[in-house]
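Student: The chain contents come next:
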Amino acid sequence: MRASLRKLGNLYIRLLGSPIRDEETGELLGRALIVVWRGRVHVVGFTGGMPLKPVFCSQDKVVYWRQSLGFIRATPPDYPRLRPE
Amino acid sequence: MTTLPPIVATVLLTHEPPAAVTRMVTHWLDHDPEQVVIVAYGGPADQSSMLEVEHAVHVDDPELRTRDHPRERQSYLGVFAAAAPLLEKLGVSHVHLAEYDEIPLVRGLNARLLEVLSRENADVAGHRLNQVESTGHPHLTYHRHDPAFMDYWDTISIRDDREVVLSMLGCGSFWKAEAFLAVAKLRPPLRIYLELMLPTAAHHLGFRVRPFPDQDRFMAPEVPKHPEEFEDFRRQGALRIHPVKGYWSQPNVHP
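The listed protein sequences correspond, in order, to chains A and B.
27 is the number that numbering that gives the first Met the number 0 gives to position 28 of the first sequence; each next residue is one higher, with no gaps.
167 is the number that numbering that gives the first Met the number 0 gives to position 168 of the second sequence; each next residue is one higher, with no gaps.
Quick caveat, the hints were computed from the structure, so don't treat them as lab data.
Heads up, some of the hints might be wrong.
Listed next, with one range per pair, are the computed distances between beta-carbon atoms [what the hints assert, rightly or not]:
id: 1; chain 1: A; residue 1: 35; chain 2: B; residue 2: 107; range: 51 to 61 Å
id: 2; chain 1: A; residue 1: 3; chain 2: B; residue 2: 87; range: 46 to 56 Å
id: 3; chain 1: B; residue 1: 160; chain 2: A; residue 2: 40; range: 46 to 56 Å
id: 4; chain 1: A; residue 1: 68; chain 2: B; residue 2: 160; range: 16 to 26 Å
id: 5; chain 1: B; residue 1: 65; chain 2: A; residue 2: 2; range: 15 to 25 Å
id: 6; chain 1: A; residue 1: 25; chain 2: B; residue 2: 28; range: 45 to 55 Å
id: 7; chain 1: A; residue 1: 79; chain 2: B; residue 2: 137; range: 26 to 36 Å
id: 8; chain 1: A; residue 1: 7; chain 2: B; residue 2: 143; range: 30 to 40 Å
id: 9; chain 1: A; residue 1: 79; chain 2: B; residue 2: 149; range: 19 to 29 Å
id: 10; chain 1: A; residue 1: 3; chain 2: B; residue 2: 25; range: 35 to 45 Å
id: 11; chain 1: B; residue 1: 145; chain 2: A; residue 2: 53; range: 21 to 31 Å
id: 12; chain 1: A; residue 1: 43; chain 2: B; residue 2: 25; range: 45 to 55 Å
In this text the structure is predicted, and so the values were computed from the model without any measurement.
A virtual CB, placed ideally from N, CA and C, is assigned to each residue, including glycine.
Just chain A, with the same shape it has in the complex (with noise of 0.2 Å):
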């Protein structure tokens, strides 16, 4: 049963979820339900898999009534090695 729901939810994500787009490349990361309740933004669903970062997005004008939240793709580390040789 819980198998079954969880396919019907998968499908119905995968045809009507909201795209996810990386807003620094533009390249679709996968789909989603994306919910607001209570305060806060629930990503439900995601098919792409790989870890989503909120950022808010930035605006070609000032705009005070309305700032839109997306997201980006996580980065590989790139630190250097602090060991002594």
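With chain A's structure known, arrange chain B on it following the hints.
Tutor: Okay, now just chain B, sitting in the frame of chain A:
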């Protein structure tokens, strides 16, 4: 000054019956005879004593034997601690951490892995490696609920930014022995899921952790692979694949 040639150990984590373990070790050695294969056996102790392999350690750690791995925060620190003395004794320079359902597809695999490590100037290379502390990664959000999780990195870190958290698959990671042995000594005060623990610990101890380029799709745990697909994966450039379930329990399927 002469540079010694690298000695690579594949630490092969398994709980399969002894006959299957013999088959998998033979297969790994056949693909790279220069390497040392150390079986890290997580199965029953009586089966462990029946293993017919050159190098094996028994891992008697309840934190390894989980069913729902992320929710129970499965740990490989017991595997690291069990393998470490033997790695030191054998003078190993690099460690490939492999699970029983990872299958090597190319001969001379370790030379390719060494090349990646050298090219990236890295101490550790892993699959699905991401920096996740500002993301909605479910393992991170679950662990971060406990303040002890972030406090722990603060206690061991030699880096300026102690908030960094990394995530990678445990399976298929490739380590300089120095990094592997340093992580093996850690005893965190809370259980941390291996996919967060291993890369984040290595990072905060000062090691450089980098991804394996272009190989993640061949290691994706949610996509089961089958022997009839091996040739196709090989053509696509896969060095090894994961997960292939039940492969070693069938005596006649592997070459």
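Student: Per the hint of 46 to 56 Å, is the separation of the Cβ atoms of residue 3 of chain A and residue 87 of chain B within bounds?
Tutor: 52 Å, holds
Student: Could you see if the CB distance from residue 79 of chain A to residue 137 of chain B stays within 26 to 36 Å?
Tutor: Because 29 Å falls inside the window, the suggested range holds.
Student: Take the C-beta atom of residue 160 of chain B and the C-beta atom of residue 40 of chain A, compute their distance, and say whether it sits inside 46 to 56 Å.
Tutor: 26 Å, violated
Student: Quick check: does the Cβ-Cβ distance between residue 3 of chain A and residue 25 of chain B fall within 35 to 45 Å?
Tutor: Holds, at about 43 Å.
Student: Range first: 16 to 26 Å. Now tell me if the beta carbons of residue 68 of chain A and residue 160 of chain B are that far apart.
Tutor: Taking Cβ atoms as reference, residue 68 of chain A and residue 160 of chain B lie about 24 Å apart, which means the hint holds.
Student: Within 15 to 25 Å or not, the Cβ separation of residue 65 of chain B and residue 2 of chain A?
Tutor: Holds, since residue 65 of chain B and residue 2 of chain A (Cβ atoms, about 22 Å apart) stay within the stated range.
Student: Just tell me: holds or violated, for the beta carbon distance of residue 25 of chain A and residue 28 of chain B against 45 to 55 Å?
Tutor: 47 Å, holds
Student: Mind checking the hinted window 19 to 29 Å against the Cβ distance between residue 79 of chain A and residue 149 of chain B?
Tutor: Taking Cβ atoms as reference, residue 79 of chain A and residue 149 of chain B lie about 22 Å apart, which means the hint holds.
Student: Take the C-beta atom of residue 35 of chain A and the C-beta atom of residue 107 of chain B, compute their distance, and say whether it sits inside 51 to 61 Å.
Tutor: Once the Cβ atoms are compared, 53 Å apart, the range 51 to 61 Å for residue 107 of chain B and residue 35 of chain A holds.
Student: Taking the CB of residue 43 of chain A and the CB of residue 25 of chain B, does the distance hold inside 45 to 55 Å?
Tutor: 47 Å, holds
Student: Are residue 145 of chain B and residue 53 of chain A spaced within 21 to 31 Å by their CB atoms?
Tutor: 22 Å, holds
Student: Residue 7 of chain A and residue 143 of chain B, beta-carbon distance inside 30 to 40 Å?
Tutor: 31 Å, holds
Consistency note: the structure conflicts with earlier hint 3 alone.
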